[in-house]
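Student: Going by this note's numbering, the residue at position 118 of the sequence shown is 489; the numbering climbs one at a time, nothing skipped.
If you're looking for bench data, these hints aren't it; they were derived computationally from the structure.
Incorrect hints may have been included.
[Said to hold, decoys possible] Label-pair restraints from in silico Cβ distances: (1) Gly428 with Ser492: 20 to 26 Å; (2) Ala417 with His512: 18 to 24 Å; (3) Ala373 with Arg414: 32 to 38 Å; (4) Gly480 with Ala417: 17 to 23 Å; (5) Pro448 with Asn407: 34 to 40 Å; (6) Leu376 with Ala406: 19 to 25 Å; (7) His513 with Glu398: 15 to 21 Å; (8) Tyr412 with Arg462: 29 to 35 Å; (9) Leu391 with Pro510: 25 to 31 Å.
For each residue, glycine too, the CB sits at the ideal point set by N, CA and C.
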Amino acid sequence: MAIRLATLADRPVIERLLELYLYDMAEIYRFPIGANGLYAYDRLDAFWQHAYLLEAGDDLAGLALVIDHCPITGRAPCWFMAEFFVMRPYRRTGLGLAATRELIAAHPGAWHIGVINQNTSAMSFWTRALTDYAPTVSPGHHDGEAWTLHAFNA
């Protein structure tokens with residue numbers, strides 16, 4: 372497993388991975404689809420601060436977008452995992468847990484990780500992934516959705 376900081380040349384790859392991510396999330400949250408058949412994801416410019424590709428050997432395995440403020444609480448500076456996606460073949464292999472540790476280590480300081488309450492699989496993942504950080508867990512609301520916020524320092 373490796374994480375690699377994405378360059379602007381990687382942006383089309385990130386955009387394609389976001390399509391897979393949104394398709395996966397469509398089970399619990401309906402994202403609009405444009406007339407071109409693509410999801411109407413309009414946050415990449417705002418979230419392109421620290422973009423990462425997750426790799427398993429020579430294969431792409433996912434993405435992570437880390438930003439320097441929390442859109443749920445407005446706290447800044449504060450690292451926030453804006454998007455985190457591990458492709459299905461690499462789930463439950465330890466790749467997501469290892470990537471989480473590396474990403475947090477790469478950005479020391481205050482962190483917030485938010486999870487939409489409806490996303491029970493993500494809730495389970497983040498609860499496991501963040502155990503060693505002993506986060507404070509609290510409810511939040513953002514974009515009309517109920518969230519659970521994990522706050523900790525690393």
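Student: All hints, please: hold or fail.
Tutor: Against the structure, the hints come out as follows:
no.: 1; hint: Gly428 with Ser492: 20 to 26 Å; result: holds (24 Å)
no.: 2; hint: Ala417 with His512: 18 to 24 Å; result: holds (19 Å)
no.: 3; hint: Ala373 with Arg414: 32 to 38 Å; result: violated (25 Å)
no.: 4; hint: Gly480 with Ala417: 17 to 23 Å; result: holds (20 Å)
no.: 5; hint: Pro448 with Asn407: 34 to 40 Å; result: holds (37 Å)
no.: 6; hint: Leu376 with Ala406: 19 to 25 Å; result: violated (34 Å)
no.: 7; hint: His513 with Glu398: 15 to 21 Å; result: holds (20 Å)
no.: 8; hint: Tyr412 with Arg462: 29 to 35 Å; result: violated (21 Å)
no.: 9; hint: Leu391 with Pro510: 25 to 31 Å; result: holds (29 Å)
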